[in-house]
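Asker: Just so you know, we're using our numbering here: the sequence shown kicks off at 1 and counts up by one.
Incorrect hints may appear among the rest.
Straight-line distance between alpha carbons at most 27 Å, and here's what the computed DSSO-like set of lysine-lysine pairs gives [stated by the list, open to error]:
(1) Lys226 - Lys195
(2) Lys32 - Lys22
(3) Lys158 - Lys184
(4) Lys82 - Lys32
(5) Lys51 - Lys32
(6) Lys72 - Lys89
(7) Lys184 - Lys195
(8) Lys226 - Lys158
(9) Lys184 - Lys103
(10) Lys293 - Lys223
(11) Lys156 - Lys184
(12) Lys223 - Lys158
(13) Lys22 - Lys89
(14) Lys227 - Lys293
(15) Lys195 - Lys156
(16) Lys89 - Lys158
(17) Lys184 - Lys223
(18) Lys52 - Lys103
(19) Lys89 - Lys103
(20) Lys32 - Lys89
(21) Lys103 - Lys82
(22) Lys22 - Lys82
Please keep in mind that the hints were generated in silico from the structure rather than gathered at the bench.
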Amino acid sequence: MSRPNLFPDVVRIESSGACNFKCRHCSQAQSKSGRGVMPLPLFDLLVSQLKKAPRGVRVAVLYHGGEPFLNKNLFYFIDALKNMGASIKFNSNASLLTLDIQKEIIRHMDAKDHIVFSFDGNTIEENNYIRVNGNFESDSQNVMSLLRMMEESNCKVKITVSNVRVCLEEELDLLYNEQSNVLKTPDYIRERFSKYPNVLYENNPAMRWPSYNMQESIYSLRKLDKKLGGLCSAFDTITVLSNGDVVPCCYDINGEVILGNIEQDSITSIWESATYHEFIGRLSRRDLDELCKNCVLFSNEYLMQRCENW
């Protein structure tokens, strides 16, 4: 029995398993896992293990559904990983992006690094409805303040504004029309960040997360006939949750498939284990676990607005 592919150089580290938002399309908002921020001793243990890995860490993603800025040690994490040669990426809802944190971004991050700030829906009102506890006006002003500070200091951190939309049925249908491009950046987002031409934009339909409970949802479900794209990350990344559990991919937000724990075994031995190998083997044969069956990459299931919704 051969082990999985060479140890990955992309490592996902859940800096925070908690979030201060309860977005209506997000399985993390429904989660009862109780995971908080990753403790500093656990992170230091992980770094010591990664330093012994057969490959260096090329990219460290400090995000797995929670809000990274809830972790007061985030910039310690960033420094340690950058000292290993990694570029840094994470997503944020921008609500905790204070002036002090903006200064820390300037101080600790550079052009190799990437922050994605999320705003959802077609309008400001829809964003504030979907993103429970969020407010577009104040959250976007935080991002604008960071952009101004970056301009003044010539900081080149890559900034993307992400938009997820719970589509109408006809919008999902049009996504298959190769001549259409339905999910353009909403006007309210373009207008807010128009002074900053280096800002990038990313727009996606709201998928059903594997652990998303439709019984708790205000939305309905639409299964599409063919996939919209995307590749499975289980083959070439490794993901460590804030409690040390290793899960197969970025879609396992709630930690349903535990392949090991770094406090019990090293991260490399977990990757090389029979448990991990067997999971990858089943995935390769499309003998799918429940998690994978419900993953959008295989299920093609997206959230859809009911007529009585927004």
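Asker: None of the hints should be skipped; say for each whether it holds.
Answerer: Going through the hints against the structure:
About 38 Å separates the Cα atoms of Lys226 and Lys195, which puts this hinted pair outside 27 Å; it is violated. Between Lys32 and Lys22, the direct Cα distance comes to roughly 12 Å. Compliance with the 27 Å bound is thereby established for this hinted pair. For the suggested pair Lys158 and Lys184, the alpha carbons sit about 20 Å apart, so the restraint of at most 27 Å is met. Of the supplied pair hints, the one linking Lys82 and Lys32 is violated, its CA atoms being roughly 32 Å apart against a limit of 27 Å.
Of the pairs offered as hints, the one joining Lys51 and Lys32 is violated, with about 33 Å between alpha carbons and a cut-off of 27 Å exceeded. Using a Cα cut-off of 27 Å, the hinted pair Lys72 and Lys89 holds, with the two alpha carbons roughly 17 Å apart. Distance restraint check for Lys184 and Lys195: the Cα-Cα separation of roughly 18 Å lies within the 27 Å cut-off, and the hinted pair is therefore satisfied. Distance check on the hinted pair: Lys226 and Lys158 sit about 32 Å apart at the alpha-carbon level, beyond 27 Å; violated.
Distance hint between Lys184 and Lys103 is unfulfilled; the C-alpha atoms sit about 32 Å from each other, more than 27 Å. The suggested pairing of Lys293 with Lys223 holds, with an alpha-carbon distance near 13 Å, which does not exceed 27 Å. With a C-alpha separation of about 25 Å, the suggested pairing of Lys156 with Lys184 holds against the 27 Å cut-off. For the given pair, Lys223 sits about 34 Å from Lys158 by alpha-carbon distance, which is inconsistent with the 27 Å threshold.
Only pairs whose Cα atoms come within 27 Å are accepted, and Lys22 paired with Lys89 is accepted, the gap being roughly 22 Å. A C-alpha spacing of about 14 Å is found between Lys227 and Lys293, which places the hinted pair at or below 27 Å, so the restraint holds. Proximity of Lys195 to Lys156 is assessed by CA-CA distance (about 16 Å); at most 27 Å being required, the pair is judged to hold. Our distance criterion of 27 Å between C-alpha atoms is met by Lys89 and Lys158, whose separation comes to about 9 Å.
With a C-alpha separation of about 22 Å, the suggested pair Lys184 and Lys223 falls inside the 27 Å cut-off, and the hint holds. Annotation: proposed proximity of Lys52 to Lys103 is violated, straight-line Cα distance about 32 Å (limit 27 Å). Distance hint between Lys89 and Lys103 is fulfilled; the C-alpha atoms sit about 17 Å from each other, no more than 27 Å. A threshold of 27 Å between alpha carbons decides the hint, and for Lys32 with Lys89 the separation of about 26 Å falls inside it, so the pair holds.
For the suggested pair Lys103 and Lys82, the alpha carbons sit about 17 Å apart, so the restraint of at most 27 Å is met. About 31 Å separates the Cα atoms of Lys22 and Lys82, which puts this hinted pair outside 27 Å; it is violated.
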